[in-house]
Amino acid sequence: MMFRLALLLLLVLAISVLALPDVLGFDINLPEREDLDRWIDAAGLMGPILVVALMTAAIVASPLPSAPIALAAGAAYGHTFGTLLVVLGAELGALGAFLLARWLGQPFVERHFGQKTGPYFLGSQNTLTFLVFGSRLLPFLSFDMISYAAGLSKLHLWRFALATLAGIIPASFLLAHLGSEAMNGDARTATWTAVALGGFTALSLLFAIWRERRPTRKES
Numbered sequence: 001m002m003f004r005l006a007l008l009l010l011l012v013l014a015i016s017v018l019a020l021p022d023v024l025g026f027d028i029n030l031p032e033r034e035d036l037d038r039w040i041d042a043a044g045l046m047g048p049i050l051v052v053a054l055m056t057a058a059i060v061a062s063p064l065p066s067a068p069i070a071l072a073a074g075a076a077y078g079h080t081f082g083t084l085l086v087v088l089g090a091e092l093g094a095l096g097a098f099l100l101a102r103w104l105g106q107p108f109v110e111r112h113f114g115q116k117t118g119p120y121f122l123g124s125q126n127t128l129t130f131l132v133f134g135s136r137l138l139p140f141l142s143f144d145m146i147s148y149a150a151g152l153s154k155l156h157l158w159r160f161a162l163a164t165l166a167g168i169i170p171a172s173f174l175l176a177h178l179g180s181e182a183m184n185g186d187a188r189t190a191t192w193t194a195v196a197l198g199g200f201t202a203l204s205l206l207f208a209i210w211r212e213r214r215p216t217r218k219e220s
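Take 1 as the starting number for the sequence shown in UniProt numbering and just add one per residue.
Note that these hints are calculated values from the structure, not bench results. Any given hint could turn out to be false.
Label-pair distances were calculated between CB atoms; the ranges are [stated by the list, open to error]: (1) 42 to 127: 44 to 54 Å; (2) 161 to 49: 17 to 27 Å; (3) 78 to 122: 34 to 44 Å; (4) 50 to 124: 33 to 43 Å.
The model shown is predicted, which means the values in this text are computed figures rather than measured ones. Virtual Cβ for every residue (Gly too), placed ideally from N, Cα, C.
Please construct the entire structure, taking both the sequences and the accompanying hints into account.
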């Protein structure tokens, strides 16, 4: 509950930061494309490696945010290559969390998140695969928590890897696209798309909090 409330407050703050300059008519000073190109050239091969490493670490070392890294990848490397870097980093991070949970077990996961964990993933291999895939499409579900929880289940590694890969491509492309659009001069479209996505996620969190706080009906 407290995690969701904190995440909701962060979302509201982020939406305010994104929207207020445009609403009030302020100019958002972004780096010029030429400056960014020089930074990318100077970074060389280490640039893509750093993006992948940061994405991986952000997922394994919960709760570091990964969305800003994905936006930066799109801004630096464009839609296609940025998406590939984000997908690779997210996939490696998810596999790392999955394997850590499988090798070290439930006590490690509970220490990592500071709370009790239960049997979140139960069912057949097909059911578990679908649950992982569906969870990757929902922005209000914790990416890293799902990976650790799946590692505690009986889901096969190859099924988890495929379900995660298929599920993260849409969000990875969208974030990389937003970063690319913002850097290429269409900051207004990128800003309001990000605000809309943040609003959708905030509404989803509010619904989840409401369901938790709603008193359960006792059967007569």
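Structure-based check of all given hints:
One distance hint, 44 to 54 Å for the beta-carbon pair residue 42 and residue 127, holds here, with the actual separation near 49 Å. Between residue 161 and residue 49, the C-beta spacing of about 21 Å keeps the proposed range 17 to 27 Å intact. Separation of residue 78 from residue 122 is about 41 Å and conforms to the stated range, judged on CB atoms against 34 to 44 Å. Range check, residue 50 to residue 124: about 40 Å between beta-carbon atoms, so the 33 to 43 Å window is met.
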